[in-house]
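A.B. asks: Now for the letters of each chain:
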Amino acid sequence: MKNTPPGEDVDNIVQLSQADMASSDWSDLLGSLAAKPDKNIYARLFNHFAPKVKAYILRLGVGVSAAEEVTQEVMLSVWRKAHMYHPEKAAASTWIFTLARNQSIDWMRKQKYPQYSLDEWSETASESGQGEQEVLSDRVAKAISQLPEKQAQVIYMSYFEGRSHGDIASRLDIPLGSVKSRIRLASEKLKQIWGGENYEH
Amino acid sequence: MSINHHLDDATLVSYSAGALSQGMALVVASHLSICPQCRKRAEVNDSVGGALLESLEAETVADGMLASILTRLDDMPVQLTEVSTDTAVIDPEIPSPLRDYIDRPLDDLEWKRIVPGVAYYDMPWEGHGVSRLLRIAPGKAMLAHTHNGNELTMVLRGSFSDEVGRFRRGDVADLDDQIEHQPLVDSKEDCICLIATDAPLRFTTLFGKLVQPITGF
Ligand SMILES: [Zn+2]
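Quick note, the sequences are listed as chains B and X, same order. Counting from 1 along the first sequence, just add 2 to a position and that's the residue number in the working numbering. Counting from 1 along the second sequence, just add 1096 to a position and that's the residue number in the working numbering.
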């Protein structure tokens, strides 16, 4: 691919079939991109994730034209940081979510969202076997859909709108403590599903 | 390091959601950088974000975006590491997320004195709440106060006690407006904490009310 002019291979790449894939397939795909840079694989990941990343960024309140720009930056960093991805540690969607979150906030605040570094992140010993993250990830998605409405609401307002506890409290006209306890209850349920009985609290 | 006081679930969810103020996120990231237990909980919350991302209806992205990215990839260096390449002395007393804003040992910072025995060093941004390092001498108490919102305190050096318990290096006090407290420094050395609030504090003593306009709490 190195010998072809830039962009020449685009048409072939975007025609690759985007048949329905399970979450684990996307993580395997990102895992192989982590092992070896490959434009074909990257393009498939792009076609699946870029439209979702843009949807997320728009919901956070970034304007339409800026959202396009931030989406492009996020997807570029997927390529640049792919070698730091570990499929046994997190689903592809989770890893890409954190990139999108950090870069959207950086853009909105002109300040880097404080993070513990990816190096430390990758050093945390994984207790799950390979592939298990995907099963869990699908179960988390199901669990979110089963949360009581009031709990789901505070989760959505947090993740999709980036609202603080205080902001949610004034929007819903409920005390700060109620916002926090709803979030805790939701979190508790999601964790039970995530870790089962092995989860150490 | 044994850590006894951890982050509240509601705080960790907001951190993963990207919903914390800059100062609060800095305290959370600093604690996560040294606490595997909370890190594990944060990873679960990140996976909630991943599942939510996956659940979104796709938005149309510009036709040329993929093509324009692909043409740039050949010149794109891979990013080798997230860690700052600054080879200056790394002070183990300063958690890595804080190193972006603190370029010298804690003792060398330009501390600003509020009252004898109490000094602060502000983080370089403005917000609704407070984001600063606080340095308090042994035997001194922080001013009694309550909160309209949340308050996060992470101990970097020394220790303090309040109604909740004793807090040592690495511990986090994660409090909200349910609590009125007055932390008392009980270590032999100064206690240095990284603190953040998402709303102004309300002092409950007359003295506190008097100094409030001066200190900007
Ligand atoms: Zn902890």
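Since the hints were made in silico from the structure, they are not lab data. The structure displayed is predicted, hence computed values, not measured ones. Glycine included, every Cβ here is placed at the ideal spot set by N, Cα and C. There could be a bad hint or two in this list.
Have a look at the derived ranges for each label pair, beta carbon to beta carbon [stated by the list, open to error]:
#	chain 1	residue 1	chain 2	residue 2	range
1	X	ASP1203	B	SER147	30 to 38 Å
2	X	HIS1224	B	GLN148	31 to 39 Å
3	X	HIS1224	B	TYR158	32 to 40 Å
4	X	PRO1220	B	TYR158	44 to 52 Å
Here are the simulated lysine-lysine pairs, DSSO-like style, with alpha carbons at most 30 Å apart [what the hints assert, rightly or not]:
#	chain 1	residue 1	chain 2	residue 2
5	B	LYS83	B	LYS112
6	B	LYS91	X	LYS1136
7	X	LYS1136	B	LYS114
A.B. asks: Give a verdict on every hint.
C.D. replies: Evaluated hints:
Look at X/ASP1203 against B/SER147: about 52 Å separates their beta carbons, and that is not inside 30 to 38 Å. For the hinted restraint 31 to 39 Å between X/HIS1224 and B/GLN148, the CB-CB distance of approximately 35 Å keeps it satisfied. Distance hint for X/HIS1224 and B/TYR158: a CB-CB separation of about 23 Å, inconsistent with the stated range 32 to 40 Å. Distance hint check for X/PRO1220 and B/TYR158: the Cβ-Cβ separation is about 32 Å, which falls outside the suggested range of 44 to 52 Å.
For a cut-off of 30 Å, the pair hint linking B/LYS83 to B/LYS112 stands: about 21 Å separates their Cα positions. Restraint check for B/LYS91 and X/LYS1136: the C-alpha separation of about 11 Å stays at or below 30 Å, so the hint holds. A distance of roughly 22 Å separates the Cα atoms of X/LYS1136 and B/LYS114; the hinted pair therefore holds under the 30 Å criterion.
The structure shown violates the earlier hints numbered 1, 3, 4.
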